[in-house]
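Q: Line order of the protein sequences matches chains G and C.
Numbered according to the working numbering, the first sequence spans residues 7 to 905.
Numbered according to the working numbering, the second sequence spans residues 7 to 905.
It is possible that part of the hints are untrue.
It does not matter which identical chain is used: a pair holds within one copy or between any two.
Unchecked claim - The calculated DMTMM-like cross-link candidates involving lysine to aspartate or glutamate, where the alpha carbons are at most 25 Å apart (straight line), are: (1) Lys667 <-> Asp650; (2) Lys122 <-> Asp90; (3) Lys673 <-> Glu811; (4) Lys225 <-> Glu742; (5) Lys673 <-> Asp436; (6) Lys841 <-> Glu869; (7) Lys182 <-> Glu16; (8) Lys182 <-> Glu194; (9) Lys225 <-> Glu737; (10) Lys673 <-> Glu479.
The hints are simulated quantities; they were obtained by calculation from the structure and are not laboratory data.
It should be emphasised that the depicted structure is a prediction, and the values quoted were computed from it without experimental measurement.
2 protein chains.
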Amino acid sequence: MQKYVYDFTEGDRTMSDLLGGKGANLAEMTRLGLPVPPGFTITTEACKAYMAAGTEPAGMAEQVAVHLAATESRVGRKFGDPTDPLLVSVRSGAKFSMPGMMETVLNIGLNDETIKGLAAATGSERFAWDSYRRLIQMFGKTVLGLEAHLFEDVLDGQKAKSGAKSDVDLDVDDLKAVVDGYKAVVLEHSGIEFPQDVREQMNRAIMAVFDSWNTDRAKLYRRQERISEDLGTAVNICTMVFGNRGDSSGTGVAFTRDPASGNPGEYGDWLANAQGEDVVAGIRNTLKLSDMSDYMPTVHDELIAVMRKLEAHYRDLCDIEFTVEDGKLWMLQTRVGKRTPAAAFRIAVQLVEEGVITLDEALNRVTGKQLVNLMFPRFAEGHGAPLLGKGISASPGAAVGICAFSSARAVEFAATGKKVILVRRETNPDDLAGMMASVGILTSRGGKTSHAAVVARGMGKTAVCGADELLVEGDRFTTASGQVVGEGDVIGIDGTTGEVFLGDVAVTDSAVTQYLDGQLSDAQIAADPLVHAVDVIIRHADSVRRMGVRANADTDEDAARARRMGAAGIGLARTEHMFLGSRRELVERLVLAQDQASIQHVYDALLPLQIGDFTGILREMDGLPVVIRLLDPPLHEFLPNHTDLSVRVALAEARGEVDSKDVELLKAVERMHESNPMLGLRGVRLGIMFPGLFGLQVRAIAEAMAIRLLEGGHPHPEVMVPLVATVAELEPVRNEALAIIAEVEAKHGVTLEIPIGTMIELPRAALTAHRIARAAEFFSFGTNDLTQTTWGFSRDDVEASFVGEYLDRGIFGTSPFESIDPYGVGELVKIAIEKGRSVRPDISLGVCGEHGGDPTSIHFFEEAGLDYVSCSPFRVPVARLEAGRATLASHGTRHSDTR
Amino acid sequence: MQKYVYDFTEGDRTMSDLLGGKGANLAEMTRLGLPVPPGFTITTEACKAYMAAGTEPAGMAEQVAVHLAATESRVGRKFGDPTDPLLVSVRSGAKFSMPGMMETVLNIGLNDETIKGLAAATGSERFAWDSYRRLIQMFGKTVLGLEAHLFEDVLDGQKAKSGAKSDVDLDVDDLKAVVDGYKAVVLEHSGIEFPQDVREQMNRAIMAVFDSWNTDRAKLYRRQERISEDLGTAVNICTMVFGNRGDSSGTGVAFTRDPASGNPGEYGDWLANAQGEDVVAGIRNTLKLSDMSDYMPTVHDELIAVMRKLEAHYRDLCDIEFTVEDGKLWMLQTRVGKRTPAAAFRIAVQLVEEGVITLDEALNRVTGKQLVNLMFPRFAEGHGAPLLGKGISASPGAAVGICAFSSARAVEFAATGKKVILVRRETNPDDLAGMMASVGILTSRGGKTSHAAVVARGMGKTAVCGADELLVEGDRFTTASGQVVGEGDVIGIDGTTGEVFLGDVAVTDSAVTQYLDGQLSDAQIAADPLVHAVDVIIRHADSVRRMGVRANADTDEDAARARRMGAAGIGLARTEHMFLGSRRELVERLVLAQDQASIQHVYDALLPLQIGDFTGILREMDGLPVVIRLLDPPLHEFLPNHTDLSVRVALAEARGEVDSKDVELLKAVERMHESNPMLGLRGVRLGIMFPGLFGLQVRAIAEAMAIRLLEGGHPHPEVMVPLVATVAELEPVRNEALAIIAEVEAKHGVTLEIPIGTMIELPRAALTAHRIARAAEFFSFGTNDLTQTTWGFSRDDVEASFVGEYLDRGIFGTSPFESIDPYGVGELVKIAIEKGRSVRPDISLGVCGEHGGDPTSIHFFEEAGLDYVSCSPFRVPVARLEAGRATLASHGTRHSDTR
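Sequences are here, hints too, so could you generate the full structure?
A: So, in structure tokens, the structure goes:
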């Protein structure tokens, strides 16, 4: 006979697969000799058997009876005993806590008979009837699925009838009437009488917990969180203890350290003469845990001792629930406590310094996501700016700028050097230019998965979305109070809280950012406990990580910042921005050129500019590798928009004014128009179809290297060819590059070692990596494009149309643009690594897509065996941290490691 | 010591890797005892060693000397002997014959001394000097790389000086002067004297053959034909025999059957008293081989006997070169002969009927490409229409229609039911609609790889390109003779010959097409030898092939034609055309609908139309499977073009006339605009984002099946979901479909077995096929889209921009849209097959991309193990043939099989 029921005395905390998180920890506390009310746990196996068969498994009822009897004998009361009944709680307890599942039914065991015994045993008839009405209410709601308002209506009706202001003003007769009313609700809306059989009460509660595993909300949550459908939930049945039996009773929740700040010392809230739900509901103001020593000093001391024991045992911050019944302390729950990002860093380092955990363990207890949070700029404390409204915190940070109500205006303002907040009812892909030009985005519609939110997070821009009290119309918005804010007015948005302020709110870099940017002295680091903690952990991450961390940086300013942030080189220097601004006109000339001489003129004009670009970056990254990607986007991206230009020309013609340059340009734009430019003439194809273009760039790189060498520097440029699908494309580009490098070597009398490699950003490149590796000294995975082609969707288009809906429906757990898709894109990465190394074992392998800065993806890349990740400068510290964590995860944390 | 030289007596025809094709066949003929002039072959290994080291391998010269001595003793003359010199030819001979390589130098062994011996031995001084000047000319051109005109100038000068009309009018002194002139040319332009050392002549010729392996033209040819760079070429050194030594001498080329018509009986051309180059140059009119019996009956009979022996030995059509020297027959070359498509079919079946080869072998000797050729429509013989000009035969067939000079006009004309020829200077992707609307395309610019040519071949439309005598301007073109052809005038274009005719030239289906379309009686089939041959072979292909052949057909007319062409069902019925025409307006209403009721109205209107669509197709394909693909293209494809509409609205606004419907439509178009629609909201994404749309189609399919069942039919529809990237997309669509099918079953009281499957057309679908197969009863590979995403390019865009250039440069051997790319796309197909079968061993696997009708790709699919291919109805016979050939290729031809 399979064992489906475990007494709290039989399990331990390692058994969360079988007993759920709550049950395992109750067993652990029992094992430690802490005062846990007797009880038992029905296993997840029972739940799985129930789900498979649709009925409870054979033998489970008998096992429950045996363990109930054991609990009865331990407590000295009997379940259903009309003279002094044992009451129990029934709680769900899956391995991972999950919203959408049934949680708790208290006071099971009360009926029209046992209530008399409870009243007699406790000496309080009111207490007994209040307990009974709570049971019926909870049972009705969670077991029978009745709507909450049905019970609230009865209670409110009784209060009105009795003139009671609050629940506590109801007397015994009122509560009896409420119980009658509740019973009538149950009968009317569920078709059954409230069960008087106490075992039926318990059984129905157990089955309700099982069933709640499969509610739509629970299933959706599991899909989104990638929790297996097969785990099932356990059920905990625990003797009731009451914190509401007078002034020597009470209840509370506490943490072994402050989970908000990370300050040391126990921290919590409690209430005398109350039940848990009273603490949560906030009906009465709770007291601080430290105050408890004034009310019940012995129990307080016992509780503190228990908490210290738990923290020492769990070697981490613990979060507990306790009840004091008639001066007796009972522990109802414990778990490793949730905490803020700041607390996570501080507590981890405190525990290291207290000798409790190792540095490896400390590193494992913080995340890159938490570090990102600590790096957001914030509004200065007490800034006093007036609040205009509040929306959803869509993308964190704090941003201040002037309002622009269209993408075009945002771009215009930004071009004049102004900081802009783009304000829109909602955004769509046409707003991308405006979003890029802005420091923050505010919308009045849409949630965390709206276009604005998803794109802003992708860009790392602050965003507040769905601020629906703000009415956006034309070039203004109106607040709930009627205040009008127009174009050019200054506002501040807080992407962490969702608040919108009027005026130039002061924004500051966080201390952690200042530290990571190298602005703090050792003394300043030591003086700030949070910065100290970040310092200890990130230095440890650097010491353990296997992968290198480089930055994606296109300018010397970005390169300098990346270096301060700890980047060991540049993994991706894009060159397209070098063809924008005043140089755009050169691209127009290139496209319109009719003969080789005109083309050469353009190249001649570009060469010194490109040499300057590359020399600057190589100077900032002296001594470190700089991977420069040759021009990638289609040339028509540098030309005017087709529709805009068509309209302009048509209107001019209608007026009889024809601008011949516009007409010529329109012809060129139409000639070069592509229905799917992402899949068109770009990357290496451009290099092949416009002879000399890549050569120009390679020459500029070689010249810049020569200049730096002659200046006494240590330049390490690498040439990266984008969008290669076949080695037959790479070979001619490589051969041309080698010839040009040799020319420049001869010209300056220097040796130029410039590795030539390629992006792996097309499925075919990954699948034929063993062929491509013959002509490539390095691979850099472009996981943005690889995701687009592997899934067959364009990021801009799908984020505008269906990503939000896919996330909501659980088709995506995470957007594949946020974290690498391990089964599709990741599989191609693994294939390419294996095939690439098979012909060139020492090939350098990195990633320069945005996944390079995403924690989940970094762990994937560690397992896949990449040599380095490259990400935006701001993400470099996150990548350093996560690369360290990933190394530990792949090798197992070294528990023997001490500081 | 490696053996680098083989006497003709040492090899055989199986040794073409080592001896090249020509050498192996010379050895084979020698082995058969046929009269081959003595000689020897230097191996491809020697060539490879030469290329690796840059110098001839050690020992080769000695081996050449040994074999030369053996040849001398066999012939009884000595190389370089001034009294009676042995002369030799040096010819290249790679495994595959290759344009761009050096071919032949004759008469090696002549110098200022040996010429006297030759004159004495042959008794003709003129013959000797003519031979000498030919040697210097060929040596100068092919060994020293001098330009041909240098020698022609000397010869022409001498003819002018002597008043000679042709070469034969030059006397001995003239020829001596020519020799002097040639020697001067050699010295002046190569810097060396023409070598008098005969071994130097031979050595230089050998090295020149080796070097010619690596000319740019040869390399490009190998890249394009995917011939390995490593093969190298052999060199054949053969005793000279002379067909120009009087009336008992002669030379000719012949075939064992007529290679043009396939008619039985030997067939060839010859000339008395001539050398091979005279036959080729066409200076004198050649005689028929049969006439030879009048001139030299014994030799003729001997030759016929040799040819019969060769055909019996090679068991195939042989192509020979022979020379008769003083009444003695010499065989200079043989190989399996090239032939026309018609001859290929006829000869193969003749050989079967003569008991020479098996049906399997016959099937192996014809190709789908040849069958395609036999199926092209053609202009009726003797049509007499005036020829306007001639271009490149870009895409075969014959088409007649009225001229349209813009894509828009072509579409307009076609909409009124007219047949249109689109005439353009050149085409670009904006012309696609016009190309689709036309029956043929004529351009005045561009070659076989121009946009027009590539796209036309892809569409199977007749095209003539680069007809540069036709001046296309505005809405007319002018011929070389000044004739003007304007819009609406009728022309005919022959894509097989490149000819352009004026007027309504009569076009007929070929007899083979009539046969394949089921229009011929058994008697008619038997009466036409070509049709008979096609019938024998295609029936044999059907009997041996493992894969099924289905058709891509969207209408009942197409379905009926496909069935006549031999399709065993429909592999792809697209449904997008069912939303065009008058139904387009319903899609506009769907897109503009603001509420569920309006959407439902559209669905209600579409349902009976869709039921009608599907009932018709199921009726035509009664008893056979019909795979119906749910709607695939983005909905905005059914809306007006963004730029056109923007211009229309802007112009209307400028005139103060605002069409509110246009404005509303423009907003919708802008809202739905996608920058890369191929990667946007389409396929299954559409089904998920527009709830009810796929449900409507599934309901129509189920209703149509029920109708057919109740009519007593045998309908077998299957539902195919497009563009699935993850099983999480397929599952909800599948579940909805199953529910709807159950509803329709209940409504009609019938059982509807409708398999539900998916396209595999995204890399991710292939990579996660083991997950997707859990929810799919069949896979159909959409290799068009799979090629686009695997390579990261859009067919329309790249065919307009770089495919031509990529083919020219050899980056593509074949366009991956024409034949499946085995290393990238093919690898994904194999991965998906393996993963799909791993979880569902009986999963049905097919392909419905255009590769399904491409011979090369069909062989790939056979090897990969697909169950069927599906292609356009016209391609079905080709696929039947090639699937049969592919089965034989994968299992090895069964030589024991006889008719």
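Q: Now tell me, hint by hint, if it's right for this structure.
A: How the hints compare with the structure:
1. Lys667 <-> Asp650: both (15 Å within a copy, 21 Å between copies)
2. Lys122 <-> Asp90: within (8 Å within a copy, 140 Å between copies)
3. Lys673 <-> Glu811: between (39 Å within a copy, 22 Å between copies)
4. Lys225 <-> Glu742: between (57 Å within a copy, 18 Å between copies)
5. Lys673 <-> Asp436: Both. Shortest intra-copy (24 Å) and inter-copy (12 Å) distances satisfy the 25 Å Cα cut-off.
6. Lys841 <-> Glu869: Close inside one copy (16 Å) and across copies (23 Å); limit 25 Å.
7. Lys182 <-> Glu16: neither (40 Å within a copy, 117 Å between copies)
8. Lys182 <-> Glu194: within (18 Å within a copy, 127 Å between copies)
9. Lys225 <-> Glu737: between (51 Å within a copy, 15 Å between copies)
10. Lys673 <-> Glu479: between (38 Å within a copy, 17 Å between copies)
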